Each structure stands twice: as C-alpha cells, then as structure tokens.
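Make the full structure from the sequences, and use the hints.
Line by line, the protein sequences are chains A and B. Take 0 as the starting number for the first sequence in numbering that gives the first Met the number 0 and just add one per residue. Take 0 as the starting number for the second sequence in numbering that gives the first Met the number 0 and just add one per residue.
No lab work stands behind these hints: they were computed from the structure. Keep in mind that this is a model prediction, so the values were computed, not measured. One should not assume that every hint holds.
Mimicking SDA-like on lysine to any residue, the simulated pairs with C-alpha atoms at most 25 Å apart in a straight line are [stated by the list, open to error]:
id : chain 1 : residue 1 : chain 2 : residue 2
1  : A       : K53       : B       : K67
2  : A       : K3        : B       : D182
3  : B       : K67       : B       : P37
4  : A       : K53       : B       : L167
5  : B       : K28       : B       : D182
Computed footprint of chain A on chain B, listed as stretches where at least three residues anywhere in the stretch have a Cβ under 8 Å from a Cβ of chain A [to be verified]:
id : region
6  : 238-247
7  : 273-283
Even for Gly, the Cβ is constructed at its ideal location relative to N, Cα and C.
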Amino acid sequence: MLLKNLLEHIGLEPGRLHFSWISSAEAAKFVEVANEVNQVVEELGPARFLVKRKARVA
Amino acid sequence: MLHYTEKIREIAGRLLKQGVVDVFIGYRKGSVPMMNNPLLIRDPGSTDLLYWDSNCALNLCNYLTGRKDRIGIVATGCVSRNIVTHIVENQISRSQLYVVGIPCTGMISHRAVIRAVGGREIIEFEEQGERFLVRGRDFEEIFEKNDFLQSNCAVCRYPNPVLYDEMLGERVPGYEGDDVYRDVEKVEQMSSEDRRGFFSRMISRCIRCYACRDACPLCYCPTCFVDESRPQWVGKSIDPVDTMTFHLLRAFHCAGRCTDCGACERACPMGIPVRQFTKKLNKDVQELFSWEAGLGLEQRPPLDVYRQDDYDGFIR
Ligand code: SF4
Ligand code: SF4
Ligand code: SF4
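The following block contains the structure:
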C-alpha cells in the first residue's frame, strides 16, 4: 500500500500498478484478474512515465 | 541554544575522564559559517572543541552504526528518535550509550538565510538568544530565528529527546498544529500529471552524489543498492528515470523509519527538497499504521510485523 501510494503520489497513473494474490488452484481467478488488468492498462495506453529510453548516439 | 555549549563540554569531559564512555560524539564549529561539523573525541583535554548552536542539523546517530565501544552522544528530539530506531534495528545497544539530551528549539535553514541576504557571502554567524546576527564584508543583519527554521523543525512535534541519560534543560513545547503534512497534502491535491511534473522538475537538478543517503542514519547497508553492480539494481547515469528510481527506492527504504530530521535535505548540495518523498511515506505510515518512527523501544516497526488487520484493500 505504501509503495503504491508513493508511486501514484509521484505521478504514476492510477490503474498502472496492480497487486493480487492468486493460488495455483485458482485458475478462474487468474483469468479474471489477467483480463481485468489487461483491460485497465489498455485503456491507459502505453506507459510513458518511468520508462527508460535507449540512449541516443549522436 | 548557544548556552548548551558549556554544559556539553563539561559533561563530555566528565564522562571521558571517569571512563564512562570511550568516545564522545557532538559537533564542532564549522570552518564555514552555519555549517557545524560532527566531532568525535576521545581525549578529555579536547572538549573545548565541542560546540552547540542552531546549526547542528546533521544527524549524529549516523556515527553510531555498528560501533563496539561505549559512546556519549548529544541528541535532540529527532536524533534521539533515530537512536531508538538504531537500537530497535540492532545497530547499537542501549547499554553502550550515554545520551545527553537537548530540548531543541529548532535548526536554522542556512539556505533561507543566504537567500535573505541576497546571496552575499556570510563570513560570520552569531546566535543571540531568539535572534541571530550574520555579518559579511560590507553588511550586517539581525534576524529572528523563528522566521528561519528548517521546514521540518518548524512543524516538529517531538523536540524533546525521547531517550536520554541526562537532560540539558527544561522541556520545550512541540508543534501542536494539525497541519504538519500541509506540504504533502498540497501535492496530493494536484492532478497525477502535475505531480509527475512536480517531482520530475524537483529532481532534474540531482547530480547523484548520494550526499542525502550518506547523511541519513537509516542508510547503513554495507553496500547500498545504488552502488551494487552485480546485479545492478538501478542505472548509474543521470537519466531522469534512473534518478527517479534512485529517489523512489531511497525513500522507500526509509518507510516507517524516517524521523523527518532533515539531514538529507540539508546535505544536498543542489538544494533539492528530498523530504517530499519520505514525508509522503511518513504521512501514510501514520494514517495506515498509526505509527511514528522512533518513539519507543518496545514497539516493532510496522514494516517489520504482520498483523491480521493490516490494510489490504489494494490486493485483488
Ligand atoms: S526536527 Fe525537531 S528535534 Fe530535530 S532539529 Fe528540528 S526541531 Fe530539533
Ligand atoms: S530520510 Fe532524511 S529526514 Fe528521514 S531520517 Fe533520513 S535524513 Fe532524516
Ligand atoms: S544529495 Fe541532492 S544531488 Fe546528491 S543525490 Fe541526493 S538529491 Fe541528488
């Protein structure tokens, strides 16, 4: 929670970071969470914050 | 706070002479005005070097880590809280320490003073009770100390040592307002986009010198993650993403431990308000775990224990 708050405090979009706890016996939950994360992140579009670009060589 | 100097010298002399401690840790007057240096002495004859005024804002707890001898140390409220944290984290044991407690009326922000004199060079500083005088080659000005406190000291709720063997004076009142976190709240109210801009601009001047880390008593790992090269946890360049990663992790390593002593910010040569990271964590730790670091030896820190009612609303 502290980490999530801190990251969002410095400007990470809400919805970019997800946490879940899924047991190996919870196949249905895995599918559900993966789809949900996928959907939220797709709506946000490609990440621009905290993404390191390759160094440009002049 | 000048008058504490004599008492500190006297106590240090007594402790060293009687062999109660092997080493005494305090401050000496800096070679540059408003920059007092930490000082370790063993010889009871050199106690005259010890000094105290409102420029003793580096954190002496930093010099305790892993010591095996018996130590006398001067401690304000925040330093004493860092000492408690050190004891709880097994970096030093209570029985090795003789803590000389200072009821603290706050430290002066040298940057604010330099701004107030328009950046002219200050060659002399003199504390006079609630006021202080600064002198340069062609000017002399007197200021009220309370107008120039470091921003952490201005809202300090625990100016009195929480742990001590001897106290140097009467307790002083702590800050009682409920706006301690006003600066963090202001940032919280910005949009996500603006906050990103705020923090990115803030650290854009960072030169990755790690003075902020070195000044902090919490940062005692034998090899810091930023210095590690196998594996290399974070890029060592001043690429904005590398720099942000460093700041995020440095702050996070202080979560639930930071006493808001201000040493990191004071040490930064670029004047970056690095406490904006740790203070957000301090605020959240207080809200989520009702915890403030270093207030007692009995309690375990929040990130060190599991409780059934720990907040877990964020886990799906
Ligand atoms: S934070 Fe509090 S105890 Fe520490 S130097 Fe400032 S006023 Fe003193
Ligand atoms: S992070 Fe800064 S304010 Fe917090 S304990 Fe370390 S030096 Fe003090
Ligand atoms: S002390 Fe300042 S410049 Fe140096 S690494 Fe820390 S924030 Fe960056």
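These are the hints, each one checked on the structure:
| no. | hint | verdict |
| --- | --- | --- |
| 1 | A:K53 to B:K67 | violated, 47 Å |
| 2 | A:K3 to B:D182 | holds, 20 Å |
| 3 | B:K67 to B:P37 | holds, 19 Å |
| 4 | A:K53 to B:L167 | violated, 57 Å |
| 5 | B:K28 to B:D182 | violated, 32 Å |
| 6 | 238-247 | holds (count 6) |
| 7 | 273-283 | holds (count 4) |
Hints 1, 4 and 5 from the earlier list are contradicted by this structure; the remaining hints agree with it.
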